[in-house]
Amino acid sequence: MGNLDMLSLTAYALQVLLIIMAVSIVVHKNNGTIIILITTFSLITASLYVINKAPDVAIAEVAIGSAIIPLIYVISISRQREFIVLDKAMDDFIIADNAFTGVGYVLLKRFTDFYHLELNICNDVRLCSLGAGRDQLLCEQTNVDLIVSKDDERNVYVLKGKASSILTYKLEAMARDYDNIEVVKFKDRDFGD
Amino acid sequence: MLYAPIALIFIPVFSALVIYLVKARFIHYLALIAQAAMTVLAILYYQTYTGNFADTFFVIGGWDARIGISLINDPLSLSFVFLSLFTWWMVLIYTFNTKQDNRTFLFFLMFLQGVFLGLLQTNDLFNMFVFLELTTIIVTILIAFKKAGDSFRAGIYYLLLNTSGVLMFLIGIILLYFTFGTINVNTIQEAMQAGVLVTGEEYAVRFAYVLLMAGISVKAALFPVFTWLPKAHGVAMSAISGLLSGLVVKGGLYLFIRMNEMFAGAQIDYTLFFYVVGALTAVIGVMFALTQKDMKQVLAYHTISQVGIVMMGLAHYDEQTAFGGLLHIFNHALFKTLLFLGAGIIIKAYNNKKIKEIRGVMRTMPVVSIFMIVGMLSITGAPFFNGFISKSIIKYGIQASGIKYWILFIVNIGTATSFIKMSQVFFGPKVMTLRIKEMGQRIALMTLAFSCVILGNLYIPISEGFFGIDVSHVSAVKWEAFFDYAVALILGFCFYKLVIEKDPRAVRKIREFNVSFETANYLFMLYVAVMVVYFVLL
Amino acid sequence: MNPLLTFVVILIGFYGLSTSTNIIKSVFCVTIIESGVILLFLNLGNLDGGVIPVIGDTLPVGGIADPLPQALMITTIVIGSTVTALALMLCIKVFHHYGTVEWAEILSRESGK
Amino acid sequence: MIKQFVLIGLLAILFAVFFVSMQDIQELYNTFGKDYIAASGFADTGSRNLVTAILLDYRLFDSLFEAGILLIAVSGVIWISKHEIEEKNAQFMLDKFNTPDLFVTFSRLVYPLMLAFGFYVIINGHVSPGGGFQGGAIVATAILILYYIDADKETNIGLIVTIEKILYIAILLVASLSIVTRGEFFTNFFALDASADTKAIYLVLLNVMIGMKVALGLWTIFTAFLKEGR
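Protein chains in written order, with the working numbering: chain A, 1 to 193; chain B, 1 to 538; chain C, 1 to 113; chain D, 1 to 230.
Bound-form chain A, shown alone (with noise of 0.2 Å):
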């Protein structure tokens, strides 16, 4: 035990606690925290780099490792949970009574919150003024997930979604209820080459 300076203990130390971080980060189910987790790890890491006398290394894991991956991270998790809606009908259908009350408000909220998304809907004029035709394009190509539009002369919404999406098949399942609300699929298409 003679050779066990202070500089190796910690050294120690820290590498359990690098095993204890990975261990967790592992077993952990949610994303939101695993980003902490991974903040930790990556600095832990760095640490360690410095007492293994590389000091290069530690500071491009720290501006690296502990910045700008977390970063992308928390992006990339929160738009995961992101359900995009985007609004063509434009009445009383989002919005009743200047607030967000409306019956497909409601059914979206309630769609959303079930299978812990977040509703995000979009109301862009621009995106809104495309033809109904590039409505297919607009989903497969954008991350819109879903296109609400009014078809006028039945009186019933139209939400348009992609058939390759579990989450359309889900709302489908939720919105046999209403009888003024009907979910349309669109099939892909394969680009070919």
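Stretch by stretch, here's where chain A covers chain C in the computed footprint (C-beta under 8 Å, at least three residues):
id: 1; stretch: 5-15
id: 2; stretch: 38-51
id: 3; stretch: 83-92
id: 4; stretch: 98-109
Here are some of the chain C residues that sit facing chain B, going by a computed Cβ distance under 7 Å:
id: 5; residue: Ser-18
id: 6; residue: Thr-19
id: 7; residue: Val-30
id: 8; residue: Ile-33
id: 9; residue: Leu-72
id: 10; residue: Ile-79
To be clear, the hints were calculated from the coordinates, so they are not data collected in a lab. From the three backbone atoms N, C-alpha and C, an ideal C-beta is built for every residue, glycine too.
Model the placement of chains B, C and D on the given structure of chain A, informed by the hints.
Just chains B, C and D now, kept in the frame of chain A:
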């Protein structure tokens, strides 16, 4: 001329950057110019150094070889260089003027070429790692290039599985560095041959071997870590699929040869293990291919089975048989690129991928069908086509062992069956399709088909001149050759009619069998552990 | 400082990779393996002890830590960050296409069905 | 559950073999590379920081492709997130992008400090720990702080990507200048026996270019993520 390898690496990289930056109308012709310059350079380089390939060794920056990065060429790497130049020519001609986003596509394509040529010529382990990882990233982008849902899915599967494999490779490099004090391939090879490590007790070196082989196996799509390949090659654009199946997978096999050369002094007997792995890869690949309905999936699974056949050849110390495996790499590159490009034309014209729903290709597109038939004859091993030559060399090498021979025969029957199934698309009445008149596509197909036939007939002078190996014992003008092929075809036809066409439940089960990512990694761990037990502990 | 403990971190990463059913989780595990490999390399490079590899006019008495692994590992950090970025971007796209980021659910959905 | 236990068993095999090979490595431990670089690194390259000496001189070839990886990743991420519908910055009803005031003030304070530190690390890469890659990452982090202050900041990604590509070409050209002056590829373009101060010109030049390139690359990746789907 000494610095030609550097030029070969940087001409495509530089042209890729210029194509990306300059928004001129005819800028994509620069790719052809660069390609032509590289071809001329490679031929001149080969002529300069024929006979004394040891002179091609040089260290970048002029440092000590054990510190700096060195490049070296030998007949093996140069033949791969020529193969890649040829394949890129074909893909460039095929895709010329057809893509909407021509410039971005060409940027990635040309950059990949530079990186791949670097991977072939480098003599430094960490440099190899950088090139491997760079190849992985660019290939991921190319797989996801058409931006459909399944290509994103295939891209991320490919990226993560290959990255975990390449990280294994890196751990192997670490062990080697601290054992030999350098990461230069030649120096390590000499140190091993000089008998520094002859006692056979060096666990570190053997463990490093296992880790390097694990990484390479993922790149080369060996059993059981091939699951990324059908997903990736089945959904990418046809030109990309052709390039990946024909060439980029072979990067792993090339590294397999190089690394086994490096470990020659460590006295590791790899033949039996990799023969078994190769046989399993071949049989399972062909089994999956038989059940598929999608044209490109069939071709992708056949890539796996052909890689298995190559491995069955390479896993021999006997020079002839190993050469058979090597030759099969080249042959497979030619006919698999041909088949993928041809399938691309057919799929585009019919706007359909299902074999059952495509009919009447022969009457609709006679020229394309002829070239496709050449490719099919090659892959099934018909006499006078190139697939026959390499398969025969492997067959002669393993004739003594009964079970090895029969495995190859079974794989042959399976290949015949699935291409009999695929040849259904040629029959039937003429169909109205989209008229596509692309001269470049025809030229690419024609060149590939002709080179299949040429290599199938002029194989003796080519292998004599390039590798100095005499293969004159293989000949197509023997009745046994035709007899074997006919037996395989007849058995294949019976198998198709009796089993596959009826689509029984077992076939459907295999078709719907899907390996999830975590299971693929689980299999990878299993594979590494088995290798550790076999190579290190036993 | 013990290389064996570092190797345990790498193995935990591989364990996570072979059990996690979520794409994001897999990317996290790749990051763990990456950090573990870097630490292992630096660890072995510092086995003899020594000072940081910035030298004055004379060599330090106790020797220096191996600078080559450090240079290589900077490359590895950059590579790892680009792999992570690309994987996450693909992951966002996969989510909006399939509505889930679970491997099994994504792979079981055939396109066009 | 059995699956997990088997997996742990497999990993235990790997650990056991690693344990045994560590004994070997401690026996065989070869310090050739370390001794060589410690002895002649400064004389050869003129860099007191031996890590920079390796990155920018001994193994510059690797570093070029390291920068290339970043370049490829930037182009790839942008390509994947780009779509044919031209509309960008769509309005969302429920977006909450309000940074607390304290955070904004703090960020305004930290931003110039980090930028200065980044440039210090880049410029002094050859005499103290640091260099182009590390400094570039710090500069990129500093730039990212700007997004805390104003999340809706407009950035011209196309321009940044173009500059990044041009910088990469410039790095390639500077790196291969040595073929003209010394007849060797990818090393210092001053003669081998030049004084350390002269050689430092090359090191600083290359560090600054790599630093700028890395900073721009990481900035672009981050912006692409932030604007994804907007």
